[in-house]
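Going down the list, the sequences are from chains A and B.
Residue 1 is where the first sequence starts when you use the working numbering, and the numbers rise one by one after that.
Residue 1001 is where the second sequence starts when you use the working numbering, and the numbers rise one by one after that.
Hints are computed from structural coordinates only; laboratory data are not their basis.
It is possible that part of the hints are untrue.
[As the list claims (entries may be wrong)] Among chain A residues calculated to face chain B with C-beta under 7 Å, some are:
hint, residue
1, Asp17
2, Ser21
3, Gln52
4, Ala59
5, Val62
6, Ala63
7, Ala67
8, Ile68
9, Ser70
10, Ala71
11, Val74
12, Met76
13, Pro77
Glycine included, C-beta positions come from ideal geometry on N, C-alpha and C.
Residue strings, one per chain:
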Amino acid sequence: MNNAPDNLDLATRDRVDMLVSRITDAEAGTQDWAAFSDLAERHPWAWRELAQTQRDHAAMSVAVGVAIQSADTVFMPVRSRGASSADSRPRFAMWAGWAAAACMGVAFFGGLRPHAPATMPTTTAGVPGTNLANWTPNDYLKGYVDSGEKSGLVLGEVPRRLLIETRPLQQGEGFEVVYVRQFVERAQVTDLLQFATDEAGRAVPVRQTMPGVPGAPE
Amino acid sequence: MGYHDDSNTADLVAQAVDGDQDAVRRIWARHRRWVAAILIAHMPREAEVDDLLQDVATLVVSKIHGLRGGEAALRPWLRAIAISVAKTRGRRTQVRKAGWLKLVNWAGGWSVDGEQQRDDAATTPLIEEGRRLMNLAKDLPDGYREPLLLKCVQGMSYKEIGEAMGLPDTTIETRIARARRMLRERAESAGIGLTAAAEA
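This is chain B alone, in the form it adopts within the complex (with noise of 0.2 Å):
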C-alpha cells in the first residue's frame, strides 16, 4: 500500500520478531495507512491521529518480539496495538496537543492547528462531502464503522480486513453493505447527496 517492498510478509515477520529493525521498519511502511484508519475509526473526535500513529509506532517497536503466530498474527495484533492506544491515550494526547499549539501560535503568529490546515486544503466539494460522511461514519455502531473505513484505505479487500477484525469476509462484506446503507440514511437527514447537490 503506498510503498515498495517485495518481502515475504511471513518472512519480514519471523525476522522482526528476532530483532530485525530493518524488517520491522518495513512491516510498519506496508501496514500505517490502514492502522491510522483504524484509529480514525475508534479515536475521540478530537484527537489527532498522527500523534496516536506515533504512540503505536512506538509500541510496535517495542512489543513485536513478543509477537506469536506469524503473518496470520500481524493484522488482528496491530489493530489490536490501535484500538487501545485509540481509546485509551486519545484524550490524554489531546490535552497535551492543546499546550503544544498555543506555544507554536505564540512564537510564529501563524494558525499550526492541523484542522484548520486541512479545512484550507479541502477546496473540492467531493473533499467536504467526504469530510461530512466520515464525521458521519464516526457515529455508526462499533462493528459497521470500522470496516465501513477500512474500505475506503485503497487497496484493502474484504479478505484483508477480516483477517484485521478476525471476521469472515463475507461478514465484513455484510457489514459495510449495512453500513453504507445506514451512512446514507443518516447523510440525507443531514441533506448530503444527490439530491441536495442538485438543489445547490
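Excised from the complex, chain A in its bound form (with noise of 0.2 Å):
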C-alpha cells in the first residue's frame, strides 16, 4: 500500500497489514487495538491503511452480496418430505428458470419411457379431444401451448430437458429418470423492478429503464 513509506521495515509493514486487517473484520481485541495504536503514533498513514482498508472491505462486500444474491433463488431439487407434487410445483418454478437452462441437459429424447403408456385422446386432426376426463398431462401440455402460441403468451418449449435425477430400474431394464421442462413466455410489464443491494447490504427495489426500447417505461 502506498501510505506506508518506502523505507519501511518489512516486519512493521506486515504487523500494521495484520492488525488492520483483523480491526476490519471485528475480530481484533483490546490488545490488538492497543498495538494498533501505538504503531499509529509512530507511524500516522497506518490510520489511512486502515481508513482504505475498511472502505475496501465495505465495498467488496457489497459487490459480492449482489453477485452471489441469486443463490437465494437456487433451491435444491428434493421435494419436502410428505409434501404432495401439487406442494412441489412452485419450489420447482422457482429454481428452473435460466440458471437451470444452461445446465446439465441430457440428450434422451427418443429414449424417454413414462412409467404407463400415455393415452393421446385425438380427433382425426390430431388435435387432443374435448373429453377432459380422458385428457393425460401431455394432452393438458400441449392445450396450454396451442392455446399460449395463439394467444402470444408462449413462445414455445426449451428444447434441452433439465436433468435432476437417474434410477435404474428395480424390474426390467432402463432406468427412471426425473427431468424439468421449460416454457418460453411473452408478457408486457408497465414496469420492472430488480433487487439490488444497498450499501447496508439490504435487498432493495430498483426500478429499471428500458432506454432504446419503444414504449419503455421511463
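Reassemble the complex: the two chains are provided individually, in unrelated frames, and hints are given to aid placement.
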C-alpha cells in the first residue's frame, strides 16, 4: 500500500497489515487495538491504511453480496417430506429458471419412457379431444402450448430438458429419469423492479428503465 | 446465513445422509451463499454464478448419501464440489447460455443479459468500486483470492473459512491480510481508492 513509506521495514509492514485486517474484520481484541494505536502514533499513515482497507472491504462486501444474491433463488431439487406433487410445483418453478436452463441438459429424447403408456385421445385432425376426463398430462400441456401460442403468451418449449435424477429400474431394463421441462413466455409490463443491495447490504427494489426500447417506462 | 433454522447441523447432516430430503434442503439454504462465493473465486470470468450453483445443488442432492465424516466434513465437501463445477463446467455453461440469451432477446425484444442488469442496478459509487475490486481480486493467487472473497460473505469467520478450506484459522487470517495488501496495490495502479475518490 502506498501510504507506507518506502523505507519501512518488512516486519512493521506485516504487523500493520495484520492489525488493520483484524480490525476491519471485527476480530480485534483490546490488545490488538492497543498495539495498533501504538504503531499509528509512530506511523500515522497506518490510520489511512485502516480507512482504506475498511472502505475496500465494505465495497467488496456489497459487490459480493450482489453477485451471490441470486443464490437465494437456487433451490434444492428435492421434495419436502410428505409434500404432495402440487406442493412441490412452485418450488420447482422458482429454481428452474434461466439458471437451470443452461445446465446439465441430457439428450434422452427418443428414449424417454413414462411409467405407463400415454393415451392420447385425439381427433382425426390430431387435436386433443374435448373430453377432459380422458386427457393425459401431455394433452393438457399441448393445450397450454397451443392456446398460449395463439394468444402470444407462449413462444415455445425450451428444447433442452434439465435432468434432476436418474435411477435404474428395479424391474426390467432402463432408468427412471426425473427432469424439468421449461417454456418460454412473453408478457408486457409497465414497470420492472430488480432487487439490488444498498450500502448496508439490504435488498432494495430498483426501478429499471429500458433505454432504446420503444414504449419503455421512463 | 440469511436463513432462520435452529436445527443442529450435525443432526441435519446425519439425516441428509440417511435420505431425509428436508434436511438436504435446510443444509443447502444455510450454505448456498458461501458456496456461491467459492464459485466466484474459481469460475471463469464469463460464467454465471447462478447457473453453476444450480449444478452444485444437483450434485449435492445426488451425492450427499455418500458423505462421510459428519458435520466436520460438510464444508470441505461442498467446497470440493463447487470448485469442481466451477472449473469443469464454467466454460461449457457459458457457451450454452449464449444461445439462450439470443433466443430470449429475439422473443421479447428486451435485454435480459444478467451482466447488463447488474450494470443498471450498480448505481452507487461504492457498489461500482466494489465490482472493480472484485474483478481485480479474481486475478489474485488461488490461495489468497478464495479466503478474501469468502470473508466478504456476511457472517463468515476465519474459523468457518478455515474449516471449508482445510486450513488453520491463523493461516486464513494471514492470507486475508496479504490478499488485501496485494489487492490494494493493484487497486492503486488502477486508480481505485480514497485518493482517487478525493481527486474525482
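Now the hints, each set against the structure:
1. Interface hint at aspartate 17(A): satisfied, since its Cβ lies 5 Å from the closest Cβ of chain B, which is below the 7 Å cut-off.
2. Because the beta carbon of serine 21(A) sits about 4 Å from the nearest beta carbon in chain B, less than 7 Å, this interface hint is met.
3. For glutamine 52(A), the suggested interface contact is upheld, since its CB lies about 5 Å from the closest CB of chain B, less than 7 Å.
4. Using the Cβ-Cβ criterion of 7 Å, the hint placing alanine 59(A) at the interface with chain B is satisfied: the shortest such distance is roughly 4 Å.
5. For the restraint placing valine 62(A) at the interface with chain B, the shortest Cβ-Cβ distance is roughly 5 Å, inside the 7 Å limit, so the hint holds.
6. Proximity of alanine 63(A) to chain B holds as hinted, the smallest CB-CB distance being about 3 Å (cut-off 7 Å).
7. Nearest Cβ of chain B to the Cβ of alanine 67(A): about 6 Å, under the 7 Å cut. The hint holds.
8. A distance limit of 7 Å between C-beta atoms decides the matter here; for isoleucine 68(A) the minimum to chain B is near 4 Å, and the interface restraint holds.
9. The interface hint given for serine 70(A) is met, as the beta carbon of that residue sits about 4 Å from the closest beta carbon of chain B, less than 7 Å.
10. For alanine 71(A), the shortest C-beta to C-beta distance to chain B is roughly 4 Å, which falls under 7 Å, so the interface hint holds.
11. Taking 7 Å as the C-beta contact cut-off toward chain B, the hint placing valine 74(A) at the interface holds, the least distance being around 5 Å.
12. Hint status for methionine 76(A): holds, given a least beta-carbon distance of 5 Å to chain B, under 7 Å.
13. Annotation: proline 77(A) was flagged as interfacial toward chain B, and the flag holds, the nearest CB pair being 6 Å apart, inside 7 Å.
The structure agrees with every numbered hint stated previously.
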